[in-house]
Each structure stands twice: as structure tokens, then as C-alpha cells.
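Number of protein chains: 2
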Amino acid sequence: MATDTDIPFEAALLARAEQVETRLRALLDSRPLSGEIVRPERLVSAMRHGVLNGGKRLRPFLVLESAALLAPGHDETPALTVAAALECIHCYSLIHDDLPSMDDDDLRRGQPTVHRAFDEATAILAGDALLTLAFDTLADDAIDLPSDRRAALVLALARAAGAGGMVGGQMLDIEAEKSAPDEAGIIRLQAMKTGALIRFACEAGAILTGASTGDRERLAEFGSAIGLAFQLADDLLDLTADAGTMGKATGKDAAAGKGTLVALHGQVWARKQLNGLVEQAHALLEPYGEQASMLKAAAAFIANRNN
Amino acid sequence: MATDTDIPFEAALLARAEQVETRLRALLDSRPLSGEIVRPERLVSAMRHGVLNGGKRLRPFLVLESAALLAPGHDETPALTVAAALECIHCYSLIHDDLPSMDDDDLRRGQPTVHRAFDEATAILAGDALLTLAFDTLADDAIDLPSDRRAALVLALARAAGAGGMVGGQMLDIEAEKSAPDEAGIIRLQAMKTGALIRFACEAGAILTGASTGDRERLAEFGSAIGLAFQLADDLLDLTADAGTMGKATGKDAAAGKGTLVALHGQVWARKQLNGLVEQAHALLEPYGEQASMLKAAAAFIANRNN
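The listed protein sequences derive, respectively, from chains A and B.
Under my numbering, the first sequence has 1538 at position 168, and the numbering climbs by one with no breaks.
Under my numbering, the second sequence has 1606 at position 236, and the numbering climbs by one with no breaks.
A hint or two may mislead.
One copy or two, either will do: identical chains are not told apart, so a pair holds if it fits within one copy or between any two.
Derived pair list, reagent style EDC-like, types lysine to aspartate or glutamate, alpha-carbon separation capped at 20 Å [to be verified]:
1. K1548 to E1411
2. K1548 to E1380
3. K1548 to D1489
4. K1548 to E1490
5. K1642 to E1380
6. K1426 to D1604
7. K1642 to D1475
8. K1642 to D1511
9. K1642 to E1553
10. K1666 to E1649
11. K1548 to E1656
12. K1666 to D1476
13. K1666 to D1514
14. K1548 to D1514
15. K1642 to D1585
Hints listed in this document are in silico derivations from the structure and should not be mistaken for laboratory results.
Could you build all of it, start to finish, from the sequences and the hints given here?
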């Protein structure tokens, strides 16, 4: 439930989303790249449709605030670019996830999904292009980071997004429809499918600011805790919210017979678990004192969001 | 047509393919990655099906031979890893290209395509995972290259594979079925769809060995010339070869009404053009003398191949 204390946080999230939107628009401009290379109009339109859709930009927010925590007052331009690259990965995964052979969704945030607005082939290619653009963006020295940090960002994002991370989690999710996983299986699936990118978002702030290994690990652990919370909150919302609030079909997981921890242990357990995860996330940020208040608010927001 | 002088080249190509195969098998092993992260079996099986299929490994060959030209006697381990990463990109593009909403092919090298052997969702995810794995591999310091070279390889490959390269070319190819492009349009489409990765293959040898900008540009230009030759030879084969020789359906481009330069100017012109491109490619390698004989043979092979 939203309370008065959430309002400054939500305003901060909105302000960050606007910054990220500007950076994403620049990345998805159809101007020529280097030399005479021009990206096909239709492909760029489909990429823009899949990305510039009014998302909350939660993962970019986490990149920006993790970086601000570890290097207060730093020039935020590189962090914004990393945040935008991560959002390209998130959006590509939604485009492919919505395809007829995957979740077969017609709507995303109340708008036609990319394969409905364009066609299936274009949606597949737009996803492929966004995935590739994310690594292009991180590796480019236009980002103004030393090459070791650029390479580390590419590696960490590829690990989070690949077969041992998000894409692997999507595979497990599809298999879960045929054969319900046990509790350990559900936890593994969720840590990969949604947890890995959220963990990366927090870790990225440490990598791009050149923080110590200790800070990097602490931020990554914080990311893991709020990633778990994100998924638990999502499962609760799937049971309780209606389609109008969510901007997408709800109750689908239950209908598909997918096991969730909420289905396994009930809503009371899930809310208690959520509180525990927020406490754990907050405890990880104790060493940073007042500086960490924005990330702490993010943890609470993720656990209590209603859409 | 194969002649006696091609035999040493074909033996070299086969020997290189075996080396690349070994490196690819290691990358696609289903062992745990770092820590407890395990890639789902079904996903790894689909990735292996799409990659370990007896390909000629022409692009990896070009990486290895370009590197050998510029740094004779160097440790080839990093070059082999770069070559394998590039092949992951090539194979992902074939998996997605074969999908029902794209080219809708049932066979690839005489074997069922990934979506036929598994299913469509698994094929989409296997492609996504291979695309991501390529950048994971290039960015990893296990490759034993300085971080500036790793970042440069990621950037150059992402440019070659993304919306301004291969994926953009695939988009133009789909659009060409509805509205036939003019000669400039065909050249642009082909330079992007098949040319960009072949150009990268040659350029990568220069990047990974830390060669001079002059060498890098020369190798990239060589790659562009043989990329054009590759596509012209492909268009000729599509007209003249039968499905048994090619291991896939032939005559499809003509049936789909796709404009090719061969359709526009005829086979005699095309063969003349091919010879001109081989001459141009050979001229670019003149400064390297005898050392370049393997890459020169590759240019001739590409122009004269019969499958």
C-alpha cells in the first residue's frame, strides 16, 4: 500500500525515469551510426515501441542510486548510459517473452505488444537488436569509463542475462508449466528469471564507479534480496490485483498451473517473508548510513508496490 | 569448381574447424558456471544442436588466419576463443532466421532446425543465449587479452551484428520480399546481412593481436571484399545448385521474388564480378607477401565454392 512516506521516493523514481528516457531516446535515434551505416526505419520503430513505453525504469533507478551511493557527487553521465543499456536488455526480454510461442501476450502497459503492433519476425529482430545494442553501448568508449570497467560491465551483464541467468530462468519457467518444480526449483527459477538482472542493476553501480570488491559484493547481495522481494510481490499481485491496475493480464500464472512460493505457503507467509527481505536489504546498507536512504526506500517500494 | 590447388586449403579449413569445434564444445559444456549457477539442460541441448552441426566454420577460419598473418607464431588460444564467440553469433542468427515467422526452414545441414528438434520458444531462447554467450566470452578476462582489446572486440562485434549490421540486414531482407530494392538497396542489404560479420572476422584478427590501425583497416577492407564475393557466390549457387548439394532448400530467393545482383545482371556478369573481387582482395594482401597465402586461398575458395 502507498503511504505518505512513499511520496518522495515515487517522485525520485519518476525524475530518474525521465533522465533514463532521454538517454534511451538518444540510443534509439535513427540517425546514421558511424559512417554511412543507417539502421532500417522499421526495425528502429519496433525497438522504440518496445522500449519507450512508459516503464517505471526500476532497474535503471537501481544502477543510478547504487552509483550515487558509492561515489556521491560523481558525474552521472556514464551511470545513465549503463542504466539505459540495462533497460535495453530488460525490454528485449519482454518483447521475446510476449511472442505467440512464449507467453502470447497482446498487451503490455495497455499498448499492443511489439509483435501485435508490427509482426512476429520484426519483434524477434527488434529483441535481438536491443540485446546487441546493450553490449555495444557498454563497450563503447563514448561511455567515458576505463576499458577494464567497460569489459567488467559487459561480462557481468552477459552473465546476468544469459543461459545461467535471465534466459535460463525463462527456459525453466516454460518447463515449469509442464512439470511443477519443488520449492528449491521455484527459488532457482526466480533468482535466474527476475533476480539476476536486479542483482546486476545494484552491482553495476559498484562496477562503474570502481568501488572496492567489498562494496561490490554488498551491493550485489542487496540486489539479490530485493530481487527475491520483487518476485514475491509480483506473485502476490498476480493473485490479488486486477488487469486494469497491472496493465496486463493477471491470474495467468495460477491458470497455467505455475508453482509460486505464494501458492505453496500462502499470502500470510509471503507478506512476512517480504518484510524479512526488506529488513535484510536494509541491514546490508547499514554501513552507508543516511546516504543509503534512497536505496532503502527502493527496497520498501519493491515489497509494497501495487502494480 | 574445386581444382587440385584447392586441396591444401580445404585441408587447412578442416583442421581449423576441428580446433574451433573443440573450443565451442567447451563453451557449451553444461558444467556449472561460477558458483552454483547451472544452465538448464534443455537450453544447453538446444544451443549445442544449433552450434555443433558440422558447419564449415569459415568465419572462425578468417579470425584465426588474420591473427596468424599479423602475429605469426603467437599463442592462438585467444584467437580461438574470439573465433568461437563469433561462430556463436553466426549460429544464433541461423536459429532465429529458420523460425516459422522468418524463413520457416525445417532443415539446416540436413538436420532438423532447432525449432523442429525442440520447439519455437526453446529456439528463440537458445538464440538469445548464444548471442549473449558471445559477448560473455569476449569480455571475460579468461580470454587472456588486455581489457582494451576485449572491449574493442565486443564493440566491433556488436556493431557488426546489430541493427546497423547483420540484424538490420535481416530486416531489410524481409522488407525486400514485399518491395524489391534497387541495385543500391541490394548492395546495402547484402553488406549488412552477410558482409558485416565476415568483415568483422578479418578485422578481429587485427584487434586481438593489437595490430596497427593501418593493418586493421586493410584487413577490414579485405573482409568487405570477400563478404561481397561470398554473397554473389551464394546467389549463383541458389540458382544453379540442387538441394542435395546445399543441404537446404534452394531456389527460395527466386521463388520469394527477392532481387539479387545475379538476377539483375546475369550469371556472366556475376562471375566476372566475382573474379574482380578476388583480385581486389588479393591486392589488399600484397604488402604481406607469402604470409598471406592462406587468406588469399580463402578469398578464391569463397568465390568458387560449390556448397
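Evaluation of the provided hints:
| no. | hint | verdict |
| --- | --- | --- |
| 1 | K1548 to E1411 | between (40 Å within a copy, 15 Å between copies) |
| 2 | K1548 to E1380 | neither (39 Å within a copy, 47 Å between copies) |
| 3 | K1548 to D1489 | between (28 Å within a copy, 14 Å between copies) |
| 4 | K1548 to E1490 | between (25 Å within a copy, 16 Å between copies) |
| 5 | K1642 to E1380 | neither (24 Å within a copy, 66 Å between copies) |
| 6 | K1426 to D1604 | within (15 Å within a copy, 46 Å between copies) |
| 7 | K1642 to D1475 | neither (32 Å within a copy, 51 Å between copies) |
| 8 | K1642 to D1511 | neither (46 Å within a copy, 42 Å between copies) |
| 9 | K1642 to E1553 | within (17 Å within a copy, 66 Å between copies) |
| 10 | K1666 to E1649 | within (9 Å within a copy, 65 Å between copies) |
| 11 | K1548 to E1656 | neither (43 Å within a copy, 60 Å between copies) |
| 12 | K1666 to D1476 | neither (35 Å within a copy, 52 Å between copies) |
| 13 | K1666 to D1514 | neither (29 Å within a copy, 39 Å between copies) |
| 14 | K1548 to D1514 | neither (47 Å within a copy, 42 Å between copies) |
| 15 | K1642 to D1585 | neither (28 Å within a copy, 63 Å between copies) |
The structure fails hints 2, 5, 7, 8, 11, 12, 13, 14 and 15 (numbered hints given earlier, in ascending order).
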